[in-house]
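Q: Residue numbers (the working numbering), protein chains in the order written: chain A, 1 to 163; chain B, 1001 to 1041.
Just so you know, the hints here were simulated from the structure itself, not pulled from any lab data.
Among the hints, erroneous ones may be present.
Straight-line C-alpha distance at most 25 Å; calculated DMTMM-like pairs for lysine to aspartate or glutamate [said to hold, decoys possible]:
id : chain 1 : residue 1 : chain 2 : residue 2
1  : A       : LYS105    : A       : GLU57
2  : A       : LYS114    : A       : ASP70
3  : B       : LYS1003   : A       : GLU102
4  : A       : LYS81     : B       : GLU1013
5  : A       : LYS32     : A       : GLU57
6  : A       : LYS95     : B       : GLU1013
7  : A       : LYS28     : A       : ASP96
8  : B       : LYS1003   : A       : ASP70
9  : B       : LYS1003   : A       : ASP71
10 : B       : LYS1003   : A       : ASP64
11 : A       : LYS29     : A       : ASP96
12 : B       : LYS1003   : A       : ASP99
13 : B       : LYS1003   : A       : ASP96
14 : B       : LYS1014   : A       : GLU102
15 : A       : LYS29     : B       : GLU1009
16 : A       : LYS113    : A       : GLU75
17 : B       : LYS1014   : A       : ASP44
18 : A       : LYS29     : A       : ASP110
19 : B       : LYS1003   : A       : GLU75
20 : A       : LYS81     : B       : GLU1015
21 : A       : LYS105    : B       : GLU1009
22 : A       : LYS32     : B       : GLU1015
23 : B       : LYS1014   : A       : GLU118
24 : B       : LYS1014   : A       : ASP83
25 : A       : LYS28     : B       : GLU1015
26 : A       : LYS105    : B       : GLU1013
27 : B       : LYS1014   : A       : GLU46
28 : B       : LYS1014   : A       : ASP96
29 : A       : LYS27     : B       : GLU1009
30 : A       : LYS113    : A       : ASP70
31 : B       : LYS1003   : A       : ASP44
32 : A       : LYS32     : A       : GLU8
33 : A       : LYS113    : B       : GLU1015
34 : A       : LYS81     : A       : ASP44
Source: prediction; values computed, not measured.
The residues making up each chain are set out below.
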Amino acid sequence: MDDVRRNESGDPIYSPTLDDVMGLYPKKKSYKNTAVAGQINFFDIEVTQEKRINGGEYWIHNDDVVNVNDDDYVEFSIIDKNDVLGLFSTYGLNKDNGDILELSKFVLTDYVKKGNPENGYHSQLFEGIKGTNLVRTGLFMRAAYVSNGQSNIRWIWRLYFYE
Amino acid sequence: MSKIIRVVENGVEKEPTTKTINKVKLDHQIDSNELEKIIKQ
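Isolated chain B (complex conformation) (with noise of 0.2 Å):
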C-alpha cells in the first residue's frame, strides 16, 4: 500500500494525498554551474 503523501506548505497543512509526487532530478542532467546561471537570468 503506497505511503500517504502529505504537504505542509509553509505552515498550512494541504489536502493529503496518494499521488506519486512528479519530479525530475536535474542532479546529473544539469551542472550545478550551469544551473546558476540559469537561476541568476
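This is chain A alone, in the form it adopts within the complex (with noise of 0.2 Å):
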C-alpha cells in the first residue's frame, strides 16, 4: 500500500503543500482593473498554460475606498465560455447564445469593507497552500465586483497559483 491519498476511484488526490509542489513552480500575479459604478463588473482572464490556483487576495485603491458601499461584493470564479470541456450540450447550453458554464465558484459574496482611506482595504481571499484546483488552458478565471455605490472603484486583484 502507497501513502498517496486516493479518491473512491482510486485515483491520487493531489495536494501540493510547501514540501511537495509536483515540480510545479509557485508564481503570482495581478491584475488592475477599475469597477464601473452601479454595474456588475466581470473581469475575465483566458487560461493560456494550465495551472493550480492555490489562492488570492486583492485590494482596494486607498483614494476609493470611501466610495464602497455597504452592498458591494467581490466574487471570483472558473468559467467556460467556449466549451471548452464539452459540456455545453449535456447542460443545454450554447456557445452562440452567449451562454456560460459556471464550474466552480471559489469566493462567494465576498463584501468589500471600507477600510482606512490612508491605506486603502486588502482582503485575503483564500489561502489555499493545503491544495490547489486544476484550471485547463481555454478556461477563463472570472473575477467579480458587484458594485452598488455612486463612484468607480479602482482595485488589484492578485491569483496564488503552480505552473
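From the two separate chains plus the hints, produce the assembled complex.
A: Put into C-alpha cells, the structure is as follows:
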C-alpha cells in the first residue's frame, strides 16, 4: 500500500504543500481594474497555460475606499465560455447564445469593507497551501466586482498559483 | 431596474449588456474529483 491519498475511484488526490509542489513553480500575478459604479463588473482572464490555483487576494485603492458601498461584493469563479470541456450540450447551453458554464466559484459574496482611506483595503480571499484547483487551458478566471455605489472603484486582485 | 452587466475580457472592454448571464453552477452537481477527471481528459 502506498501513502498516496486516493479518492473512491482510486485516483490520486493532489494536494501540493510547501514540501511537495509536484515539480511546478509557485507564481503570483496581479491584475489592475476599475469597477464601474452601479454595475456588475466581470473581469475575465483566459487561461493560456494550465495551472493550479491555490489562493488570491485584492486591494481597494486608498483613494476609493470611501466610495465603497456597504453592499459591494467580490466573487471569483472559473467559467467555460467556449465549451472547452464539451459540457454545453449536457446542460442545454449554446455558445452562440453567449451562454456561460460556471464550473466552480471559490469566492462567494465577499463583501468589501471600507477599510482605512490612508491604507486602502486589503482582503486575503483564501489561502490554499493545503490544496489547489486545476484549471485547464481555454477556461476563464472570472473576478467580479458588484458595485452598488455612486463612484468607480479601482482595485488590484492577485492570484496565487502553481504552473 | 436590472444592473448593467459589464464584461472586460483579457483587458478588452466588451459591449455592456443587461442580459442575464446564463450559467449553471456545478458545485453541487459534479463531485470535484469527478470534475477534475473530466478536465484531465
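Q: Hints first: check each against the structure and report whether it holds.
A: Structure-based check of each hint:
{"no.": "1", "hint": "LYS105(A) to GLU57(A)", "verdict": "15 Å, holds"}
{"no.": "2", "hint": "LYS114(A) to ASP70(A)", "verdict": "8 Å, holds"}
{"no.": "3", "hint": "LYS1003(B) to GLU102(A)", "verdict": "20 Å, holds"}
{"no.": "4", "hint": "LYS81(A) to GLU1013(B)", "verdict": "16 Å, holds"}
{"no.": "5", "hint": "LYS32(A) to GLU57(A)", "verdict": "12 Å, holds"}
{"no.": "6", "hint": "LYS95(A) to GLU1013(B)", "verdict": "19 Å, holds"}
{"no.": "7", "hint": "LYS28(A) to ASP96(A)", "verdict": "33 Å, violated"}
{"no.": "8", "hint": "LYS1003(B) to ASP70(A)", "verdict": "17 Å, holds"}
{"no.": "9", "hint": "LYS1003(B) to ASP71(A)", "verdict": "14 Å, holds"}
{"no.": "10", "hint": "LYS1003(B) to ASP64(A)", "verdict": "21 Å, holds"}
{"no.": "11", "hint": "LYS29(A) to ASP96(A)", "verdict": "31 Å, violated"}
{"no.": "12", "hint": "LYS1003(B) to ASP99(A)", "verdict": "18 Å, holds"}
{"no.": "13", "hint": "LYS1003(B) to ASP96(A)", "verdict": "23 Å, holds"}
{"no.": "14", "hint": "LYS1014(B) to GLU102(A)", "verdict": "19 Å, holds"}
{"no.": "15", "hint": "LYS29(A) to GLU1009(B)", "verdict": "16 Å, holds"}
{"no.": "16", "hint": "LYS113(A) to GLU75(A)", "verdict": "14 Å, holds"}
{"no.": "17", "hint": "LYS1014(B) to ASP44(A)", "verdict": "11 Å, holds"}
{"no.": "18", "hint": "LYS29(A) to ASP110(A)", "verdict": "20 Å, holds"}
{"no.": "19", "hint": "LYS1003(B) to GLU75(A)", "verdict": "16 Å, holds"}
{"no.": "20", "hint": "LYS81(A) to GLU1015(B)", "verdict": "16 Å, holds"}
{"no.": "21", "hint": "LYS105(A) to GLU1009(B)", "verdict": "18 Å, holds"}
{"no.": "22", "hint": "LYS32(A) to GLU1015(B)", "verdict": "20 Å, holds"}
{"no.": "23", "hint": "LYS1014(B) to GLU118(A)", "verdict": "33 Å, violated"}
{"no.": "24", "hint": "LYS1014(B) to ASP83(A)", "verdict": "19 Å, holds"}
{"no.": "25", "hint": "LYS28(A) to GLU1015(B)", "verdict": "30 Å, violated"}
{"no.": "26", "hint": "LYS105(A) to GLU1013(B)", "verdict": "23 Å, holds"}
{"no.": "27", "hint": "LYS1014(B) to GLU46(A)", "verdict": "14 Å, holds"}
{"no.": "28", "hint": "LYS1014(B) to ASP96(A)", "verdict": "16 Å, holds"}
{"no.": "29", "hint": "LYS27(A) to GLU1009(B)", "verdict": "22 Å, holds"}
{"no.": "30", "hint": "LYS113(A) to ASP70(A)", "verdict": "7 Å, holds"}
{"no.": "31", "hint": "LYS1003(B) to ASP44(A)", "verdict": "18 Å, holds"}
{"no.": "32", "hint": "LYS32(A) to GLU8(A)", "verdict": "41 Å, violated"}
{"no.": "33", "hint": "LYS113(A) to GLU1015(B)", "verdict": "29 Å, violated"}
{"no.": "34", "hint": "LYS81(A) to ASP44(A)", "verdict": "10 Å, holds"}
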